[in-house]
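Engineer: Take the given structure of chain A and dock chain B to it, following the hints.
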Amino acid sequence: MIACKQVAKALAEHRYYELPWWRRIPMFVHIRLCVMCGKYHAQVVDMQKGVKNYLEHEEAGDVDPAYHLSDEAKERIKEALREKE
Amino acid sequence: MNDKELTNPEDWIAEHGDYLFQFAFVRLRNRAAAEDAVQETFLAGFKALDRYDGNTPVRYWLRGILRHKVVDYIRKASREIAVDDSEGKEILDSLKFKAFGIPTQHPPEWKFDPEFAYQQKEFWEVFYACMSNLKDAMGQAFTLRELEGWSTEEICKELNIKPNNLWVVLHRARTQLKSCLEAKWTTT
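Line by line, the protein sequences give chains A and B.
In terms of my numbering, the first sequence opens at residue 1 and continues consecutively.
In terms of my numbering, the second sequence opens at residue 1001 and continues consecutively.
Treat the hints as calculated values from the structure; they're not laboratory data.
Everything numeric in this text was worked out from a predicted model, so none of it was measured.
Yeah, the Cβ is synthetic: ideal placement off N, Cα and C, and Gly gets one too.
Honestly, I wouldn't trust all of these hints.
Unchecked claim - So the derived list for chain A, only partly shown, Cβ under 7 Å to chain B, looks like this: (1) Tyr-16; (2) Ile-31; (3) Gly-38; (4) Lys-39; (5) Pro-65; (6) His-68.
Excised from the complex, chain A in its bound form (with noise of 0.2 Å):
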């Protein structure tokens, strides 16, 4: 069986979700034996879904941060793109 440490190296390597089948399988006997592996995994996995989950989102353009691009910068833009015409 594989040791801790190559169980959080995977996840520290990889995104579960993309390791090949053949990777997983001795990964999940491992955290289904071992209960600090579990807890271990279930936190890194449970936080690389939600990147992915935000990737999603930022693709489809639907999260509204409250963050924009000043008022200052839009007009820095404008003024360079117009020298550059």
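Structural biologist: Frame of chain A, contents of chain B only:
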């Protein structure tokens, strides 16, 4: 690209400015840098307009250019942020891995149900804000690994850190992100 966008790239600012800025800001966590990256993207797009084939929507075409600008900025900024190599040992110890790598500390439980939160539209604004708060090396490593999907080898080469150190930095980033989400989402 529609005709209007082809004849007047200034319209890009109103149409895609905020989207591109938000894309850059969450990856760079620096308003001035994100605005510069967006400006450079528009100028590069304008210059390359005759090579645009129209197969990709203009927003995603510009985003492709911006992605390169973001990586360039991270590459440059990483040279100014020294990562102490001794940090690796310290944090590997803090992860409580014994000689055989057996963790001895329970990771704290989530204070909310992530699966449920991921179904809520409002959650992504909180997620965005918390990712935007990750600092320096943590933010850079998190961007390249989690948002851009780079390999360990690529990130270590770009940020000039060792794999163990990257592991540690990413662990810290996830911990900080989790704390931020728990603080902001539970009070939302």
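Engineer: Could you run down the list of hints and mark each one as holding or not?
Structural biologist: Quick rundown of the hints versus the structure:
The beta carbon of A/Tyr-16 comes no nearer than 12 Å to any beta carbon in chain B, farther than 7 Å, and the hint placing it at the interface is violated. Nearest Cβ of chain B to the Cβ of A/Ile-31: about 12 Å, over the 7 Å cut. The hint is violated. With 7 Å as the threshold, the beta carbon of A/Gly-38 stays out of range of chain B, its nearest partner Cβ sitting at about 10 Å, so the hint is violated. Below 7 Å, beta-carbon pairs count as interface contacts, and A/Lys-39 has one with chain B at about 5 Å; its hint therefore holds.
Of the supplied interface hints, the one on A/Pro-65 holds, with its beta-carbon coming within about 4 Å of a beta-carbon of chain B, less than 7 Å. At a threshold of 7 Å, the smallest CB-CB gap from A/His-68 to chain B is about 5 Å, leaving the interface hint in force.
Against the hints set out earlier in the document, violations occur for numbers 1, 2, 3.
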